[in-house]
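Visitor: One letter stands for each residue in the lines below.
There are 2 protein chains.
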Amino acid sequence: MYRGDPADPIAELTELFARLPGVGERTATRLSFHVLGAEPEYAAALGEALAHIHERVVRCERCGNYGAETTCRICRDPRRDGSIVCCVARVPDLVAIEKSGSFRGRYHVLHGLLAPLDGIGPDQLPLDGLRHRIEREGIEEVVLATPLSVEGEATALYVNQVLKPHGVRISRIASGVPHGGELEFTDQITLGRAFEGRREIG
Amino acid sequence: MYRGDPADPIAELTELFARLPGVGERTATRLSFHVLGAEPEYAAALGEALAHIHERVVRCERCGNYGAETTCRICRDPRRDGSIVCCVARVPDLVAIEKSGSFRGRYHVLHGLLAPLDGIGPDQLPLDGLRHRIEREGIEEVVLATPLSVEGEATALYVNQVLKPHGVRISRIASGVPHGGELEFTDQITLGRAFEGRREIG
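Top line first, the protein sequences correspond to chains A and B.
So the first sequence is residues 48 to 249, counted in my numbering.
So the second sequence is residues 48 to 249, counted in my numbering.
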């Protein structure tokens with residue numbers, strides 16, 4: 048377990064806060080003093096929630112989503128369409144898709160993307176689980192919803208390659224100018240994709 | 048003690064993170080998922096540091112600074128000049144002054160400012176302790192280093208009024224254009240103060 052300078056609990060707390068994403072030394076100091084100035088019950092509650100979060104949250108054995116039980120809320124819900132599975136890189140992506148209300152199937156969370164430079168190769172992606180599900184659950188379509196970044200695209204290509212022999216339909220979410228986007232300020236790659244993916248109307 | 052929804056530990060943790068200053072719902076969600084994705088030791092260490100911060104950090108009985116013992120590091124240091132005391136609103140202000148290296152006396156922390164609209168009146172400011180110190184410690188000067196805001200100025204005026212009968216010299220930190228400040232972008236009140244506080248040179 049990490050141990051900071053035991054002589055200075057504020058410095059220790061600040062150092063730990065500063066490891067959070069987007070939190071620099073200044074912000075970490077401000078957070079420490081805020082916690083010290085607030086009621087002790089708050090620090091106790093946040094401390095307890097953090098200390099037990101890894102025990103209380105488990106990965107769904109089927110899809111990898113986070114939940115309190117071994118099978119997640121979405122996998123247990125009989126109203127979800129089991130014939131279509133959306134493959135995402137991380138749970139926050141799943142949460143964003145759920146909030147949008149645009150998908151009523153089930154999920155498969157990779158918990159990562161191909162990143163050869165960071166040592167994450169094809170073997171680290173849990174595709175055996177997804178292949179297993181395709182064989183057993185009557186899945187007809189897999190929607191690849193990894194990010195539209197270089198790593199997300201490479202991962203989508205790889206997953207497509209691995210799943211093809213299983214005879215399921217494989218799709219990729221659309222890429223283009225986002226809602227409310229001004230063409231003037233849209234990057235060239237996005238504009239290129241928007242034209243490639245154009246659809247006939249009327 | 049605060050208890051969030053026991054059925055959703057991630058939502059509970061997110062709600063607690065969102066009570067930190069400058070942390071909105073989006074950032075809080077990101078922090079929760081970051082903690083879940085990081086090694087469990089980190090969450091345990093931060094949780095423990097938070098849970099015990101109010102036990103491990105106490106206010107100095109003499110000056111109100113935070114420390115591990117009943118008398119703080121600065122009050123214990125015999126090299127500090129005991130004849131001059133700097134009066135600040137909050138401990139982070141003390142820390143900033145210490146970092147600047149511009150003051151070698153001791154401190155007195157008010158842990159607040161006059162704020163009649165928030166119900167913080169003159170009785171809530173711990174000035175009895177400061178008056179007691181003036182009588183006993185041979186203090187010759189009190190530097191008022193409360194913020195240059197409306198509440199900070201009002202508090203400085205009030206502290207000045209209370210301490211005057213004790214026959215100590217009372218000063219206020221200078222107000223003016225900050226280091227590197229462009230006059231073009233300096234507000235009118237600051238410019239006014241910079242002219243009022245001008246000093247003869249050469």
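One thing to keep in mind: the hints can contain errors.
Any copy will do: because identical chains look the same in the list, a pair fits if it lies in one copy or spans two.
[Said to hold, decoys possible] With a straight-line Cα cutoff of 25 Å, these simulated DMTMM-like cross-link-like pairs (lysine to aspartate or glutamate) come out:
| # | residue 1 | residue 2 |
| --- | --- | --- |
| 1 | LYS211 | ASP55 |
| 2 | LYS146 | ASP55 |
| 3 | LYS146 | GLU231 |
| 4 | LYS211 | GLU88 |
| 5 | LYS146 | GLU62 |
| 6 | LYS146 | GLU72 |
| 7 | LYS146 | ASP170 |
| 8 | LYS211 | GLU72 |
| 9 | LYS211 | GLU86 |
| 10 | LYS211 | ASP234 |
| 11 | LYS211 | GLU95 |
| 12 | LYS211 | ASP175 |
| 13 | LYS211 | ASP124 |
| 14 | LYS146 | GLU243 |
| 15 | LYS211 | GLU62 |
| 16 | LYS211 | GLU116 |
| 17 | LYS146 | GLU247 |
| 18 | LYS211 | GLU102 |
| 19 | LYS211 | GLU247 |
| 20 | LYS146 | GLU88 |
Simulated from the structure, these hints should not be mistaken for laboratory data.
Bear in mind the structure is a predicted one, so any value in this text is a computation, not a measurement.
Visitor: Determine for every hint whether it applies to the structure shown.
Guide: Verification of the supplied hints:
1. LYS211 / ASP55: neither (57 Å within a copy, 37 Å between copies)
2. LYS146 / ASP55: between (43 Å within a copy, 16 Å between copies)
3. LYS146 / GLU231: The answer is neither: 29 Å in one copy and 47 Å across copies each exceed 25 Å.
4. LYS211 / GLU88: Answer is neither: 54 Å inside a copy and 40 Å across each miss the 25 Å cutoff.
5. LYS146 / GLU62: Close across copies (17 Å), not inside one copy (34 Å); limit 25 Å.
6. LYS146 / GLU72: Between copies, since 14 Å is at most 25 Å while 33 Å is not.
7. LYS146 / ASP170: neither (31 Å within a copy, 50 Å between copies)
8. LYS211 / GLU72: neither (48 Å within a copy, 39 Å between copies)
9. LYS211 / GLU86: neither (57 Å within a copy, 35 Å between copies)
10. LYS211 / ASP234: neither (32 Å within a copy, 65 Å between copies)
11. LYS211 / GLU95: Cα proximity of LYS211 and GLU95: none, with 46 Å in one copy and 48 Å across.
12. LYS211 / ASP175: within (14 Å within a copy, 79 Å between copies)
13. LYS211 / ASP124: For LYS211 and ASP124, the Cα distance exceeds 25 Å both inside one copy (28 Å) and across copies (73 Å).
14. LYS146 / GLU243: neither (28 Å within a copy, 57 Å between copies)
15. LYS211 / GLU62: neither (47 Å within a copy, 42 Å between copies)
16. LYS211 / GLU116: neither (32 Å within a copy, 67 Å between copies)
17. LYS146 / GLU247: Classified as neither; 29 Å inside a copy, 65 Å across copies.
18. LYS211 / GLU102: neither (37 Å within a copy, 59 Å between copies)
19. LYS211 / GLU247: Neither, since 28 Å and 83 Å both go past 25 Å.
20. LYS146 / GLU88: So LYS146 and GLU88 fail the 25 Å test inside a copy (32 Å) and across (31 Å) alike.
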